[in-house]
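> Okay, here's what each chain looks like letter by letter:
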Amino acid sequence: MQEKLESIYQKALADLEAIHTSEEVKAWDSRYLGRKGEMTLILRQTGKLPPEERADFGKRANEVKNLLATALEKREALIREHELARSLEEGELDVTLPGRPLTMGGLHPSTRMLRRIKEIWADMGFQVYRSRDVEHDEYNFTLLNMPPHHPARDMQDTFYTTQPNIILRTHTSPGQIRAMHDYSEDGTRPIRVILPGMCYRYEQITARSEIQFHQVEGLAVGKGIRMSDLKGTVAEFARRLYGPDTEVRYRASYFPFTEPSMEVDVKCHICGGQGCPVCKRTGWIEIMGSGMVHPEVLRNGGYDPTEWSGFAFGMGPERIIMNKNRIEDIRYFWANDLRFLEQY
Amino acid sequence: MKVPVSWLKEFVDIPASVTVEELSERLTIAGLEVAKIHYIGIPQSAERHGIPPSDHLVWDRERVLLGAIKEIKPHPDADRLVLAVVDYGGAALETVVTGAPNLFPYKDQGPLEPPLLTPFALEGAELIDGHGDGVQRLILEERELRGIPNRCMVCSEMELGISEEHEGIMLLPYEQYGNIQPGTPLVDVLGDAVIEMELTPNLARCFSVLGVAREVAALYDLPIKEPDYSLPPPSGTGVDELAAIEIREPELNPRFTAGLLRDVTITDSPWWLQWRLKLVGQRPINNIVDVSNYVMFEIGQPTHAFDYDILANRAGDANPVIITRLPDAGEELTTLDGKVHKLDPSVLLVADEKGALSLAGVMGGLESEVQEPDPERDYPGSTTVLLEAAAWNFITIRKTMSSTKLHSEAAARFSRGVHPAMALRGLKRGLKLMVEVSGATLAPGLLDAYPAEPEPVVVDFPVDEVNRLLGFDIPKSAVADILRRLQFGIGESSNGEVLQVTVPDHRLDISPGIIGRADLVEEIARVYGYDRIPNTIMGDSLPPQRTNVSLEMEERVRDLLAQAGLREVINYRFSTPQHEALLTPEGQKPSWPEREYIRLANPISAERTAMRQTLLAGLLDNAVTNMHHHPRQRFFEIGHVYYGNADDLPEEIRRLGILLAGPRQAAGWMGGVVAGNSDFYDLKGIVETLLAGLHIEMRHVHFAPIAHNSFHPGRVATLLIGDEPVGLLGEVHPLVREAFGLGLDLEKPVLAAELDLDRVLTMVPAEYVVQSIPTQPPAYRDIAVVVSADRRSASVEALIWGSGGELLREVRLFDVYQGDPIPEGQKSLAYALTFQSETETLTDKAVNKLQKKIIKTLEDSGAKLRA
Ligand SMILES: [Zn+2]
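Top line first, the protein sequences correspond to chains A and B. Mapping of the first sequence onto numbering that gives the first Met the number 0: position 62 corresponds to residue 61, and the numbering continues sequentially without gaps. Mapping of the second sequence onto numbering that gives the first Met the number 0: position 486 corresponds to residue 485, and the numbering continues sequentially without gaps.
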């Protein structure tokens, strides 16, 4: 037995010397020191020895076991050191190879701009109101002070449906009437809403015109809302969208549902007003139409126009994006070509 | 609408310090949007005031001059050229070689008295090449023309950049320009700018030079000089003995006026009249027609000239009676442009007893128009002219325009509204100018049928409306002053702070009452200046804030899907029933609900005739759009679909569509499709992730197999939340994807889902509870069972949950295996289970007991524990 122990010991040491990898270390460990390893087995046989030999043998066997464990530790440390050194030496990568491609998701540019716009107006207390796409002629025109045959109807080429008096809304403004009906509590409560949504116009599809586009309409009604408030509010919006130094110009205009009506221009952020293709060489970029809510529209919304007043505005997110990102072709928006969308 | 500045100055003295660019900007800001300035020879000002830079031809003050041709001599060697001897103010006369055909009549006539006035260019002047293709510039150089040196030029309109006209040189009338010294810079004689405006419908009153002049006068606080409405002395038989007017529809034709001219000579108009018409874009025709047009451009009132003899002839023995009326059934009329119109019952006619003469307010008839002279048959043209000026209901004119598809300058004005008071002014102005340019005499009296004279509009205007609606204080006197500048009449009411404002009778856009107050507030704001209104912030109390939860959740869905690597698309909401029918394999009955489409009455193209009922067709189209440059596609769209309702507005349903196709991972250099192609479980994973991200409790979520023929049989599920079906997800049927143009590659499935987003979002809990982080260690157990291959894994999982007790925290399927050593027709499902208590460390014994219970339950259901 003694001899066998010593022979295991020598064999184990010799084997250990020949080991060069972590895997071999594990195998050696289980072969000699493991639960079914040779040292374990021989230690179990201690009982078969004559009693007087047992103590010595046991002592030696434990000694050998400890020696082997220490040797293993040393060998392990050495191998780790070698492996690390080899890895550091041989592990060079071609760092110029491209990384693994990751495909990001992303939002449509119109969604992103709509969010930006909503966020700015939300900070000024305007809540989002969703109104329908397919509308009664009455809501799209008549209640907005455009009775049948009104010349302003020419300004908005309309998609009609095969159902009489049901059309695709040409602007988000019919939502003004619906919001007033829903929120004003019979003309007794103020309103501050924005109405984002898709609008439709009967037009040829070209680089400059589309048959569907987003609009964001805004409406504020209260006692004591004035045109100066409209000016101040849209100026704040323009500064938040285009930068704190944005210069704003206000022009008289005409919309049947506002009076006075006002176009809002900002000084072209690309040429600084010198004139460039984006601003059609005028130095100004039109960003929204607006005005004081027409008394007829207030009345149609349930308010007494002698006491209540309000303003409304409307803007086109796609136009704003086109100006900001210098997109020349509005058809990009619904073509959904990834080569366009992935730039956002 | 084009307005020459020179013409504008006839009615308002615009200070010389105001440049045309500054004027244009001021008009634009006041609501008369200037689209363009057409420069005639004058340079653009350095300060452009938002007007785009112009590269028009500028007439050199030193080299482009007024010349006086003293004599036309023959060219010694060329029949088709002549020599013009020109006084241009220089020390000596200059001889110019020219081929201008309009000089040939003066050849060999000796010295011309008076001389012929013409634009004259000296060597070095920049001109347009009159013989080149298109618009090319040239610098005038000395050259020899058939042996005679030539360093100057007499110019055509084209060479001066005025028009395309280059048949002859421009000859200016001596009566008009004879007092100007030869050698005067041409720019001082003819230089001009024409302001082109795009006028909104509320500015009907500005569709004339006078109308714009009124705005300029108001904006710059200048006096307005009204045109001369006096009549020349009449003679002969009065018009009332020669013609009569009968208005049958006073609502549609509130006024009709007419006057008669005798001894008319139809000829070309004088130069000044032709020139002005050309500047506003109107081709000169003859003196009578030109005056009629001139008056329309000048004051905005269209008029129409009839040949009286033709009317008299039609009337036979009686006097002609002009009748305005609705058409008879089936009535037809041939208009001036030679077109025959079947008349819609909504149009209004000017007629006589015999029949229709013209389309009221839109276009004259061919038969009764003024006639040109015809020397061949010795016919002098019309000699007696009945000129009419009327007022029409603008809606009638609009109906006429849309039913006849006719457009005219007159219709453009009448369809926006012309005040009836303008009719008599237009008539008088027309008669006066016609007498001047045609040598006619005026018959005494005018016919004026005015059955529907509108009451003057008077608005009681409380001055504090300005502050209430505009936000600044302004004294009453200042308000009155602004309104007076716009020619409103101002009276004081008994209440000192209320103005009684009378609307001038050239505009129809100011209403009485509360609307009129807003109308006046706008006028005050425009003239006062929008830029001078202060900028304030709303002092009004904030309305109660209502969060739109549903729209906020929609944005949350977008974020979750983008985070999951999907790209948002937005498609046309238009489609066609035929295109959406491609979602059903040919010959099969659609699995989609059969609902009415919202169909367009006037579709723009055959591809967009109706509103969509599904998002899937658009998503499949997007995949086709991108398949050649993007093999890997992951899209989603959120938008509405539309179900028609027979007698009401349609249902608008918010949907979410998802499409996946191609490799699971983008390809890199590590080699092609590293992780395989997307399949049903990729799509399901996205849907599950979305629902979990919305905090919908997964125990309420079920995916049930269904049959739907847009999808691969056996590879489509309906999503149930609670017991409610909220959408579909599956592998698109191979025949469907093929029909959309996505080919039939069975190795690369196309996956699609369409969910009813409104319904999904109603399942989102308003609040959710965050679980505390466990303090006790978990215990893990793996269980593998062998079940029949067609058994749904969800049923096994449900049993595990049902028997695992409260301490079971997670059940994760980590392996599905078929094949050796699992018997044919069976499969192995391996689950990793996690047990955990909130209060104690679980003992092996306790966990083993739970595990045994689960195993027992599974075995009772026919599963075999896999060793
Ligand atoms: Zn610019």
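No lab work stands behind these hints, which were simulated from the structure alone. Treat the hints with care, since some could be wrong.
[As the list claims (entries may be wrong)] Below, a list of computed lysine-lysine pairs in the DSSO-like style, where the Cα atoms sit at most 30 Å apart:
| hint | chain 1 | residue 1 | chain 2 | residue 2 |
| --- | --- | --- | --- | --- |
| 1 | B | K404 | A | K323 |
| 2 | B | K277 | A | K279 |
| 3 | B | K338 | A | K35 |
| 4 | B | K475 | A | K222 |
| 5 | B | K277 | B | K341 |
| 6 | A | K266 | B | K35 |
| 7 | B | K404 | B | K338 |
| 8 | B | K1 | B | K35 |
| 9 | A | K279 | B | K844 |
| 10 | B | K72 | B | K35 |
| 11 | B | K106 | B | K8 |
| 12 | B | K69 | B | K106 |
| 13 | B | K398 | B | K338 |
| 14 | A | K266 | B | K1 |
| 15 | B | K1 | A | K279 |
| 16 | B | K35 | B | K69 |
> Each hint should be assessed against the structure and marked as holding or not.
Now for the hints, and whether the structure bears them out:
For the suggested pair B:K404 and A:K323, the alpha carbons sit about 40 Å apart, so the restraint of at most 30 Å is broken. Simply put, B:K277 and A:K279 have alpha-carbon atoms about 27 Å apart, close enough for the 30 Å limit, and the pair holds. For the proposed pair B:K338 and A:K35, the alpha carbon gap of about 112 Å is over 30 Å, so the pair is violated. Restraint check: the Cα-Cα separation between B:K475 and A:K222 comes to about 23 Å, which is no more than 30 Å; the hinted pair holds.
For a cut-off of 30 Å, the pair hint linking B:K277 to B:K341 is broken: about 33 Å separates their Cα positions. Distance restraint check for A:K266 and B:K35: the Cα-Cα separation of roughly 19 Å lies within the 30 Å cut-off, and the hinted pair is therefore satisfied. Note on B:K404 and B:K338: the hinted pairing holds, with a Cα-Cα distance of about 11 Å set against a maximum of 30 Å. Our distance criterion of 30 Å between C-alpha atoms is met by B:K1 and B:K35, whose separation comes to about 9 Å.
Restraint check: the Cα-Cα separation between A:K279 and B:K844 comes to about 81 Å, which exceeds 30 Å; the hinted pair is violated. Under the criterion of a C-alpha separation no larger than 30 Å, the hint pairing B:K72 with B:K35 is inconsistent with the structure, at around 43 Å. At roughly 39 Å between alpha-carbon atoms, B:K106 and B:K8 are farther apart than 30 Å, so this suggested pair is violated. Only pairs whose Cα atoms come within 30 Å are accepted, and B:K69 paired with B:K106 is accepted, the gap being roughly 11 Å.
Between B:K398 and B:K338 the alpha-carbon distance is near 18 Å, which keeps this suggested pair within the 30 Å criterion. For the proposed pair A:K266 and B:K1, the alpha carbon gap of about 27 Å is at most 30 Å, so the pair holds. About 20 Å separates the Cα atoms of B:K1 and A:K279, which keeps this hinted pair within 30 Å; it holds. Among the hinted pairs, B:K35 with B:K69 is inconsistent with the structure: their alpha-carbon atoms are about 39 Å apart, more than 30 Å.
The earlier numbered hints that this structure contradicts are 1, 3, 5, 9, 10, 11 and 16.
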